[in-house]
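J.: In the order they appear, the protein sequences are chains P and X.
All residue numbers for the first sequence refer to my numbering, where the first residue is 9 and numbers rise by one.
All residue numbers for the second sequence refer to my numbering, where the first residue is 420 and numbers rise by one.
Hints are computed from structural coordinates only; laboratory data are not their basis.
A few of these clues could be false.
The calculated lysine-lysine pairs, modelled on DSS-like cross-linking and capped at a C-alpha distance of 25 Å, are [said to hold, decoys possible]:
#, chain 1, residue 1, chain 2, residue 2
1, X, 518, X, 430
2, X, 421, P, 111
3, X, 483, X, 430
4, P, 116, X, 493
5, P, 30, X, 421
6, P, 136, P, 76
7, P, 30, P, 146
8, X, 458, X, 430
9, X, 435, X, 421
10, P, 136, P, 106
11, P, 146, P, 106
12, X, 458, P, 30
13, X, 421, X, 483
14, X, 435, X, 483
15, X, 458, X, 483
16, X, 458, X, 518
17, X, 493, X, 421
18, X, 493, X, 483
19, P, 116, X, 458
20, X, 435, P, 116
21, X, 435, X, 458
22, P, 111, X, 458
23, X, 493, X, 458
24, X, 518, X, 493
25, P, 116, P, 106
26, X, 483, P, 116
27, P, 111, X, 483
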Amino acid sequence: MTEKPVRSSPAILRLSVPCDLKQVRTVAQATHDFLAGHGCTEQELADCELTLVEGCNNAIEHARTSEKTPIIVEVVCSNSEIELRITDNTSGFDWPEKAMLPKGESEKGRGVFLIQSLVDYANYFRSKSGNILLLRKKRKGGV
Amino acid sequence: MKMEIHGDTLKISEVKELGAANANAFRDVAREAMGDERKNVEIDLSRATFIDSCGLGALIALHKTACARQGNVKLLNPPPPVQQILELTRMHRIFEIVKA
Numbered sequence: 009m010t011e012k013p014v015r016s017s018p019a020i021l022r023l024s025v026p027c028d029l030k031q032v033r034t035v036a037q038a039t040h041d042f043l044a045g046h047g048c049t050e051q052e053l054a055d056c057e058l059t060l061v062e063g064c065n066n067a068i069e070h071a072r073t074s075e076k077t078p079i080i081v082e083v084v085c086s087n088s089e090i091e092l093r094i095t096d097n098t099s100g101f102d103w104p105e106k107a108m109l110p111k112g113e114s115e116k117g118r119g120v121f122l123i124q125s126l127v128d129y130a131n132y133f134r135s136k137s138g139n140i141l142l143l144r145k146k147r148k149g150g151v
Numbered sequence: 420m421k422m423e424i425h426g427d428t429l430k431i432s433e434v435k436e437l438g439a440a441n442a443n444a445f446r447d448v449a450r451e452a453m454g455d456e457r458k459n460v461e462i463d464l465s466r467a468t469f470i471d472s473c474g475l476g477a478l479i480a481l482h483k484t485a486c487a488r489q490g491n492v493k494l495l496n497p498p499p500p501v502q503q504i505l506e507l508t509r510m511h512r513i514f515e516i517v518k519a
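Can you build the whole structure from these sequences, using the hints too?
T.: So, in structure tokens, the structure goes:
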């Protein structure tokens, strides 16, 4: 007899991050701990932590002085997938369909490349009421 | 973070994280310690638990300073998660990575 995979409601973590680069690691650590508590692998933890940091850093770095409102981070963890949503109220930036690495000695421009490389789905939705960076990563052995 | 001078080499160790919050400070402190005389930098990453694109940018900035003096930057013992990011971003082609 084949066992049916157990499905349960996804766990959700919602955090507000001040628009300050120094606060991002705290949120990344909280996300790491949350995902670790739901059985994510070391690779999933490392990939989600880095993509979350890069996403938040981008939102903060693109915020003008008048746009420095908190960023909302939502993490949804199910048996099959991890979803990260980063919502900001900045004017945003143009999301490349496929980011390329910059020339070797450029000091910037690797953040979106890393995001796109480490998750299975990444897209950025801009609107006047806020921008959402939506990231999804399939879980190893997910159902 | 700990820094020591050995001849024309600046040795940096006990780096735990290299990200947007501290990358510029890391670069500036290291450059100051290089002064005008040091042309090589060795960075022991064995204790590093996290690096992001800003941290990579700081390493490249030091690489450019060292190269301008005909020196180099060596990265020592990066743990697997850091090594993965170095390889993914092709940084392993720029830096000499030394594993014990």
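J.: Taking the hints in turn, state whether each one holds.
T.: Now the hints, each set against the structure:
As the CA atoms of residue 518(X) and residue 430(X) are separated by approximately 15 Å, the hinted pair is consistent with the 25 Å bound. In summary, the hint linking residue 421(X) to residue 111(P) is not supported, as the alpha carbons are separated by about 31 Å, beyond the 25 Å threshold. A C-alpha spacing of about 17 Å is found between residue 483(X) and residue 430(X), which places the hinted pair at or below 25 Å, so the restraint holds. Restraint check: the Cα-Cα separation between residue 116(P) and residue 493(X) comes to about 20 Å, which is no more than 25 Å; the hinted pair holds.
A C-alpha spacing of about 21 Å is found between residue 30(P) and residue 421(X), which places the hinted pair at or below 25 Å, so the restraint holds. Simply put, residue 136(P) and residue 76(P) have alpha-carbon atoms about 15 Å apart, close enough for the 25 Å limit, and the pair holds. With a CA separation close to 29 Å, the supplied pair residue 30(P) and residue 146(P) exceeds the 25 Å bound. A threshold of 25 Å between alpha carbons decides the hint, and for residue 458(X) with residue 430(X) the separation of about 11 Å falls inside it, so the pair holds.
A threshold of 25 Å between alpha carbons decides the hint, and for residue 435(X) with residue 421(X) the separation of about 11 Å falls inside it, so the pair holds. A threshold of 25 Å between alpha carbons decides the hint, and for residue 136(P) with residue 106(P) the separation of about 24 Å falls inside it, so the pair holds. Restraint check for residue 146(P) and residue 106(P): satisfied, since their Cα atoms lie roughly 19 Å apart, inside the 25 Å limit. The hinted pair formed by residue 458(X) and residue 30(P) fails the criterion: a straight-line CA distance of about 31 Å is larger than 25 Å.
Distance restraint check for residue 421(X) and residue 483(X): the Cα-Cα separation of roughly 21 Å lies within the 25 Å cut-off, and the hinted pair is therefore satisfied. Taken as a hint, the residue 435(X) and residue 483(X) pair is honoured in the structure, with Cα atoms around 23 Å apart against an allowance of 25 Å. For the hint pairing residue 458(X) with residue 483(X), the CA-to-CA distance comes to about 10 Å; that is within 25 Å, so the pair holds. With a C-alpha separation of about 21 Å, the suggested pairing of residue 458(X) with residue 518(X) holds against the 25 Å cut-off.
With a CA separation close to 16 Å, the supplied pair residue 493(X) and residue 421(X) stays within the 25 Å bound. A threshold of 25 Å between alpha carbons decides the hint, and for residue 493(X) with residue 483(X) the separation of about 13 Å falls inside it, so the pair holds. A distance of roughly 23 Å separates the Cα atoms of residue 116(P) and residue 458(X); the hinted pair therefore holds under the 25 Å criterion. Of the pairs offered as hints, the one joining residue 435(X) and residue 116(P) holds, with about 21 Å between alpha carbons and a cut-off of 25 Å not exceeded.
For a cut-off of 25 Å, the pair hint linking residue 435(X) to residue 458(X) stands: about 24 Å separates their Cα positions. Our distance criterion of 25 Å between C-alpha atoms is met by residue 111(P) and residue 458(X), whose separation comes to about 23 Å. Distance check on the hinted pair: residue 493(X) and residue 458(X) sit about 12 Å apart at the alpha-carbon level, within 25 Å; holds. With a CA separation close to 10 Å, the supplied pair residue 518(X) and residue 493(X) stays within the 25 Å bound.
Only pairs whose Cα atoms come within 25 Å are accepted, and residue 116(P) paired with residue 106(P) is accepted, the gap being roughly 16 Å. Taking the CA atoms of residue 483(X) and residue 116(P), the gap is near 14 Å; set against the 25 Å cutoff, the hint holds. A hinted pair counts as satisfied when its Cα atoms are at most 25 Å apart, and residue 111(P) with residue 483(X) qualifies at roughly 13 Å.
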